[in-house]
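2 protein chains.
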Amino acid sequence: MLNTAEIGRRVGKADYKRELPQLRTRLLEAQRALREAGLATLVIIEGMDGSGRAEIANRLHEWLDPRGIQTHIFWDPSDEERERPYFWRFWRALPGAGEMAIFLGGWYRDILTDGVHKELEPETLEARLAPVLHTEGLLAADRTLILKFWYHLPRKEQEARLAHEHRTPDDRWPSAAAALKGRKLLKTWAERILRRTDTADAPWFIIEAADTRYRDLATGYTLLEAMEKRLKEHQTHRERRERPLPPPEPALPKAESARVTVLDRVDLGAKLSDARYEKRLAQLRDQLRQQLWRAHGAKLTTHLVFEGWDAAGKGGAIQRLAGCMDARLYRVIPYGAPSSHELEHHYLWRFWRQIPRAGRVAVFDRSWYGRVLVERVEGLCTPAEWQRAYHEINQFEAQLAAHNGLVLKFWLHISPEEQLRRFEERQNTPWKQYKITPEDWRNREKRPLYEQAVNEMVLRTDSPEAPWHLIPTEDKRYGRIRILETVCEALKARLD
Amino acid sequence: MLNTAEIGRRVGKADYKRELPQLRTRLLEAQRALREAGLATLVIIEGMDGSGRAEIANRLHEWLDPRGIQTHIFWDPSDEERERPYFWRFWRALPGAGEMAIFLGGWYRDILTDGVHKELEPETLEARLAPVLHTEGLLAADRTLILKFWYHLPRKEQEARLAHEHRTPDDRWPSAAAALKGRKLLKTWAERILRRTDTADAPWFIIEAADTRYRDLATGYTLLEAMEKRLKEHQTHRERRERPLPPPEPALPKAESARVTVLDRVDLGAKLSDARYEKRLAQLRDQLRQQLWRAHGAKLTTHLVFEGWDAAGKGGAIQRLAGCMDARLYRVIPYGAPSSHELEHHYLWRFWRQIPRAGRVAVFDRSWYGRVLVERVEGLCTPAEWQRAYHEINQFEAQLAAHNGLVLKFWLHISPEEQLRRFEERQNTPWKQYKITPEDWRNREKRPLYEQAVNEMVLRTDSPEAPWHLIPTEDKRYGRIRILETVCEALKARLD
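Chains L and B are the protein sequences, given in the same order.
Take 1 as the starting number for the first sequence in this note's numbering and just add one per residue.
Take 1 as the starting number for the second sequence in this note's numbering and just add one per residue.
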């Protein structure tokens with residue numbers, strides 16, 4: 001595969017000088033058009049030591065408008081990065097709408113280095129590549145243009161380059177001699193990884209780097225063509241108002257018994273007496289505080305997700321839960337409609353940003369599940385978008401869990417009758433009126449649609465590492481205690 | 001001072017139970033009203049070891065809506081924090097409009113600890129407190145309500161508490177015995193610091209912590225009263241549309257010779273030939289790259305600020321400058337009108353956020369000087385706001401410079417005639433038309449106002465640690481080279 005990149009392509013000085021001005025003008029034009037269209041571009045640059053990866057980034061900065069482009073190096077992670085899942089450092093560097101980011105190495109760097117230096121087992125390699133493929137797919141589906149370049153150098157040329165280059169943190173080898181000696185090993189691993197990750201969404205381009213004029217122009221043309229194609233595609237879609245056909249949905253028999261949902265199995269009759277409530281609350285507060293300090297010591301990060309019907313008591317439950325935690329350790333993060341800035345990124349971006357440091361607790365007051373609940377039911381995203389969200393969410397939570405994370409998800413459930421009662425109470429109590437809006441009434445009418453959405457959400461995203469807990473809050477006290485018990489039990493099970 | 005907080009105030013259980021519900025309801029109400037009014041609240045909690053500082057934060061979380069409040073502990077700084085000026089970690093934790101933040105210790109913690117353990121000299125203490133006073137003043141002026149609490153314990157009570165408390169990172173002493181031994185020293189330093197920082201903008205409240213019911217209720221009432229007062233004041237101001245009278249402005253004689261500005265002293269005739277330009281550019285590129293890698297090694301952070309007339313060639317100059325830097329080391333950060341999210345914070349917040357890590361370069365394409373230029377001239381902020389901005393900006397830049405930072409500021413200057421020529425050229429060249437907007441023409445008409453604003457800005461914010469460079473770009477090539485030379489020289493002077 002890589003040997004085919006030793007065929008000696010080159011560009012003479014005169015040709016370079018002739019071709020460059022037009023290439024630059026078109027690149028600038030394409031960059032501006034992409035900015036206006038709000039499309040993001042991600043360029044990943046990898047290659048052999050000495051192939052000039054940083055030079056190429058510089059060239060692109062020079063050719064394009066540097067205000068719309070940023071190069072990211074992922075050298076040693078900071079401690080803030082180490083305390084979050086591995087991909088956090090990449091998410092924080094992703095380009096927003098209309099921007100371009102260049103990743104030097106990016107998520108390939110560590111895998112390649114570990115391949116070469118630690119000889120990863122095939123299954124380990126596969127496991128390491130899974131989130132890479134997933135993330136690229138997810139970004140591409142969200143209209144990010146992804147291009148990956150591998151720069152190849154023939155042996156002789158590499159030898160010559162390394163002889164008069166000084167070492168930088170980009171290098172994979174301690175010395176030029178080591179790099180040459182490890183050259184074959186790197187090629188083997190690069191071929192393996194490139195082949196496995198060369199997808200239509202995020203293709204690899206292998207470019208001969210021996211002649212720097214050829215290298216730079218080939219990079220520029222490849223990038224330009226991809227940008228222009230993306231723009232054309234964007235325009236065509238807009239003109240035809242075309243949307244990809246959504247994937248198949250579950251279709252149900254008409255009989256009502258066939259339309260039962262997981263929510264129908266929740267015991268809404270569960271109750272707790274006042275006295276019992278106060279006693280349990282005090283017990284659980286002590287337990288939870290103790291467990292959370294243990295979790296802090298063990299650097300176990302807790303992610304608590306709250307969803308539920310309007311007026312199901314989400315706010316009150318979170319407040320009681322918060323009252324049982326140390327203010328130094330937790331944060332409640334409420335989510336409403338995304339801001340314009342948040343809309344410039346993938347919908348998961350605003351949740352990735354808020355992942356807490358190791359050993360802390362994040363309480364998500366509404367969450368990424370908005371994608372498959374309100375956004376689905378209200379048509380705020382396309383069917384294709386919410387349908388792929390289940391998989392995206394599962395992968396996201398798997399990454400949280402794998403990084404020493406405890407992920408618990410709560411759906412607070414009440415009957416439509418109880419909801420009506422609470423709505424009316426809110427409307428009739430002056431100091432509760434602010435809690436009820438016309439939107440709540442509209443949502444209420446759509447309950448059957450939401451019930452199906454909840455059912456599908458629970459079916460498709462309930463997992464051992466991020467389980468759903470359906471909590472009846474018909475009796476608020478019972479619900480609050482069940483939540484506290486669930487959190488305490490899960491922490492205990494994990495920490496013991 | 002602190003001994004007066006040993007008078008034995010207390011609240012009985014029955015009184016506590018009677019008073020609490022109403023206090024909580026009013027606190028919640030005030031919190032909601034502040035959120036709606038978009039006013040931020042900052043609570044700083046400090047005190048003796050054992051006085052229950054964290055407990056109080058917990059109590060406030062419990063009493064208020066935890067969704068609108070966040071407690072920040074400032075234990076060991078992360079490496080990302082250490083690489084920026086000391087106050088960066090506080091700026092990133094500041095509450096936005098409508099939010100409340102509790103700082104445990106906050107910017108007082110290290111000063112107190114160093115006072116006690118390192119016996120700071122009086123001048124050192126004063127120097128350490130200067131940015132504290134400055135930052136509190138700046139936030140208070142920007143409508144942040146600031147309350148600072150000091151919790152005091154009599155000796156006996158402290159002894160009892162510390163006996164059965166286990167140590168946390170909050171503690172200033174390695175053991176309970178040491179804390180008791182150091183008690184007097186801490187009191188001395190606390191008194192000194194409290195007295196020096198007890199301002200009308202950000203007052204200290206000294207609260208007896210021996211009786212926890214008294215401690216918590218007194219905190220709650222003090223906070224409540226401050227919130228309610230702030231709300232009332234906010235309403236009154238809105239109703240009367242009152243604005244504080246701005247501070248005095250410089251007033252000029254009428255003679256035109258008296259209205260000369262610093263810009264009139266710039267030599268617009270400076271020129272550079274094509275050949276000379278290309279040669280110097282190549283030389284300076286090599287120099288700059290080399291200096292910036294040296295700066296990276298020395299962890300010297302470079303902040304380059306670009307302001308200038310429309311069409312003065314800011315974009316082109318930045319592009320040439322960027323072409324001379326390694327893409328791995330710099331970032332261009334363009335600033336337009338602030339987003340709604342940015343408007344929820346102090347105007348300096350969006351610049352603090354973008355301070356690069358140690359050894360990197362930030363190129364600010366427009367900057368915090370917008371406050372005293374466009375915002376001043378267009379009336380986008382009040383006169384009082386832009387008038388105090390000079391001092392705020394000077395302090396901000398002093399912090400950047402003091403943290404091993406090089407700060408250089410460029411004003412790109414052209415004559416009104418040249419500007420007109422460029423505007424017309426843009427209008428008549430199809431692929432340049434996007435660069436010219438009706439706003440540019442409007443700004444042009446206001447040139448005399450902008451000239452006075454520039455003059456005052458340069459006069460008041462030019463300093464040895466953050467100098468202004470007025471660059472004539474009537475001849476673009478000359479201007480670009482001058483900028484490069486200035487950056488190279490400043491780096492060299494600093495690094496040699």
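Among the hints, erroneous ones may be present.
As the list makes no split between identical chains, a pair holds if one copy fits it or if it spans any two.
Claimed, not checked - The list that follows gives simulated cross-link-like pairs (lysine-lysine, PhoX-like), each with its CA atoms no further than 25 Å apart: (1) Lys432 with Lys17; (2) Lys229 with Lys432; (3) Lys476 with Lys446; (4) Lys181 with Lys118; (5) Lys184 with Lys435; (6) Lys187 with Lys156; (7) Lys446 with Lys254; (8) Lys13 with Lys229; (9) Lys181 with Lys271; (10) Lys492 with Lys181; (11) Lys229 with Lys476; (12) Lys181 with Lys156; (13) Lys17 with Lys476.
It should be emphasised that the hints constitute simulated quantities derived from the structure, not laboratory data.
Which of the numbered hints are not met once you compare them with the structure shown? Hint check: 5, 8, 9, 10 and 11 fail, others pass.
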